[in-house]
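Engineer: Here is how the chains run, residue by residue.
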Amino acid sequence: MSKISNTNLNVIVKLNSAFNLSLPVSVEEFLEKTGKIFLFAKRFFTEAFLPPFDFREAYKQSFSIGYKSLPLIGITGFIIGFTLTLQSIPTLNKFGAASLVPSMVAVAVLREIGPVISSLIFAGKIGSGIGAELGSMRVTEQIDAMEVSGTRPFRYLVVTRIIASTFTLPLLVIYADLIALLGGFIAVNISSPMNLNLYFMSAFSGLGFMDVIPATIKTYFFGFAIGLVGCNEGWNAARGTESVGIAANTAVVISSLMVIIIDMLAVQITSLL
Amino acid sequence: MNMNGTDIALKIENVTKAFGSLKILKGVNLEAKKAETIVILGRSGTGKSVILKCIIGLLTPDSGKIIAFGMDSHNLTKEQRPIFRKKIGYLFQGGALYDSMSIRENLEFPLIRQEDYQGELLTDKVISALRSVGLESAIDKMPSEVSGGMMKRIALARTLILEPEIILYDEPTTGLDPFTSKEISELIIKLKEERKVTSIIITHDIPCARLVADRVVVLKDGIFFKQGTFSEMESSDDEFVRGFFDFK
Ligand SMILES: Nc1ncnc2c1ncn2[C@@H]1O[C@H](COP(=O)(O)OP(=O)(O)OP(=O)(O)O)[C@@H](O)[C@H]1O
Ligand SMILES: [Mg+2]
Numbered sequence: 001m002s003k004i005s006n007t008n009l010n011v012i013v014k015l016n017s018a019f020n021l022s023l024p025v026s027v028e029e030f031l032e033k034t035g036k037i038f039l040f041a042k043r044f045f046t047e048a049f050l051p052p053f054d055f056r057e058a059y060k061q062s063f064s065i066g067y068k069s070l071p072l073i074g075i076t077g078f079i080i081g082f083t084l085t086l087q088s089i090p091t092l093n094k095f096g097a098a099s100l101v102p103s104m105v106a107v108a109v110l111r112e113i114g115p116v117i118s119s120l121i122f123a124g125k126i127g128s129g130i131g132a133e134l135g136s137m138r139v140t141e142q143i144d145a146m147e148v149s150g151t152r153p154f155r156y157l158v159v160t161r162i163i164a165s166t167f168t169l170p171l172l173v174i175y176a177d178l179i180a181l182l183g184g185f186i187a188v189n190i191s192s193p194m195n196l197n198l199y200f201m202s203a204f205s206g207l208g209f210m211d212v213i214p215a216t217i218k219t220y221f222f223g224f225a226i227g228l229v230g231c232n233e234g235w236n237a238a239r240g241t242e243s244v245g246i247a248a249n250t251a252v253v254i255s256s257l258m259v260i261i262i263d264m265l266a267v268q269i270t271s272l273l
Numbered sequence: 001m002n003m004n005g006t007d008i009a010l011k012i013e014n015v016t017k018a019f020g021s022l023k024i025l026k027g028v029n030l031e032a033k034k035a036e037t038i039v040i041l042g043r044s045g046t047g048k049s050v051i052l053k054c055i056i057g058l059l060t061p062d063s064g065k066i067i068a069f070g071m072d073s074h075n076l077t078k079e080q081r082p083i084f085r086k087k088i089g090y091l092f093q094g095g096a097l098y099d100s101m102s103i104r105e106n107l108e109f110p111l112i113r114q115e116d117y118q119g120e121l122l123t124d125k126v127i128s129a130l131r132s133v134g135l136e137s138a139i140d141k142m143p144s145e146v147s148g149g150m151m152k153r154i155a156l157a158r159t160l161i162l163e164p165e166i167i168l169y170d171e172p173t174t175g176l177d178p179f180t181s182k183e184i185s186e187l188i189i190k191l192k193e194e195r196k197v198t199s200i201i202i203t204h205d206i207p208c209a210r211l212v213a214d215r216v217v218v219l220k221d222g223i224f225f226k227q228g229t230f231s232e233m234e235s236s237d238d239e240f241v242r243g244f245f246d247f248k
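In order, the protein sequence lines correspond to chains A and B. Position 10 of the first sequence, counting from 1, maps to 10 under the working numbering, and the rest follow consecutively. Position 69 of the second sequence, counting from 1, maps to 69 under the working numbering, and the rest follow consecutively.
What the hints contain is simulated information worked out from the structure, not anything from laboratory work. Possibly wrong hints are sitting among the right ones.
Below, a list of computed lysine-lysine pairs in the DSSO-like style, where the Cα atoms sit at most 30 Å apart [what the hints assert, rightly or not]:
1) Lys192/B to Lys68/A
2) Lys141/B to Lys68/A
3) Lys42/A to Lys141/B
4) Lys33/A to Lys86/B
5) Lys60/A to Lys34/B
6) Lys141/B to Lys60/A
7) Lys141/B to Lys36/A
Covered stretches of chain A (chain B as the covering partner; in silico rule of three or more C-beta atoms under 8 Å from a C-beta of chain B) [as the list claims (entries may be wrong)]:
8) 137 to 143
9) 146 to 152
Glycine residues also receive a C-beta, built at the ideal position from the N, C-alpha and C atoms.
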């Protein structure tokens, strides 16, 4: 491996070997890796807008990515809405504001918790899946085989997957948000019966465009980052079968971090508006 | 395409390649005439696959030149690249079948993406390529459902389907029984006779080499240090060269 300078972070070296990762262990390596991701993104943008386009494959990937994530993201969404509501009721009751529970939960879920938690789960499931799939294609020379038969593997494998994850994640987040609100509805009904119409009316009453639009826009960035990182790790996997696991694990760690960092930036930016 | 009136299909000039401090190729030279079949012998891990990957452009040599059809394999223009890719076929050592696609889709893939074949013509091509390796019956299986030797033959069919003029074979018969291995050797000869295909073949399969080779070259210490016809090499006075031929 590359030489470890004084600036190395011992913790990361240990993490790498304990969890089968390839996180950068020195400042140089960090800069190198960052540079590589930017080059990879640049290649994506140059190839994505040049015909011929692989519409069918992009559609197929979107469908499979979305379909695979539905159960897990649905369950998580439900639990988030349910528990958040249950936990808020006693507190808001104390202030005599129990009627605000639906709208408080809606704001929390739609603005922050729904997008972030769904994206983290998406990173764990889809980011690692893409890393492992492309990594194993790299290791078994399938990508090379596509290259030498002139079949433009970068477009077929990478461009389609990044597009799929960019456009599928926002839909999944909307779906998770709705299920979370349903979970909230059930939780509310445990303590005091409330009808569905009334619940949704009071949930949406506190919501403005500025709650929904920025939160939706940022999920496109989350989806892009997760697809990009997963593809980058898999596409650039090293030789040898152990690289497949390393690609998958590293993809999860880096893309989850990216989600959190992008979220932080997004919150800063929206607070300026 | 004719290079200065000669009929040389492929020319490798002084190619060197190192990985880090490990020098693998130290000046490889080779000329292959059109319709010639050249067998490369050499010990495991000495860089045979690396040579083929340099020819096809998957690896870039540190120095030296590779010229095929008058095109420099590492300085291709945008227009030349697809032509070059189509004219040279590569059979990977591990087969490299696309494991998420059925055998049919594996073979269709290069045709659809490179040449826009469709419908019945596509199916006919796929079936006839599979027939040439004796595996029509596997058409609707997945790669995970066929044996290692079958994968190798399917990979060969996938290479043949684009009708390349130069074919690079990385151990085409390894893992096959003697009968199938002989069939593959005969297929290689047929391609040479019917379509004037130039072949570079890495193999440890001496019966196969005996059948197909017009010329045998031996890789040692990063260069082709001996070459000649099969019988010349078999009776070579160099002990290392003879070592490939006798098993006693
Ligand atoms: N992409 C690469 N990066 C680093 N090292 C490599 C790479 N490709 C090959 N090597 C090294 O180059 C050497 C030659 O490899 P190569 O695959 O050409 O061997 P070979 O002669 O084909 O052997 P075999 O008969 O076992 O297939 C090996 O030591 C291998 O580890
Ligand atoms: Mg090899």
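Engineer: Are the hints correct? Go through all of them and say.
Structural biologist: Structure-based check of all given hints:
no.	hint	in the structure
1	Lys192/B to Lys68/A	48 Å, violated
2	Lys141/B to Lys68/A	24 Å, holds
3	Lys42/A to Lys141/B	38 Å, violated
4	Lys33/A to Lys86/B	34 Å, violated
5	Lys60/A to Lys34/B	43 Å, violated
6	Lys141/B to Lys60/A	21 Å, holds
7	Lys141/B to Lys36/A	38 Å, violated
8	137 to 143	holds (count 4)
9	146 to 152	holds (count 7)
Hints 1, 3, 4, 5 and 7, counting from the list given before, are not met by this structure.
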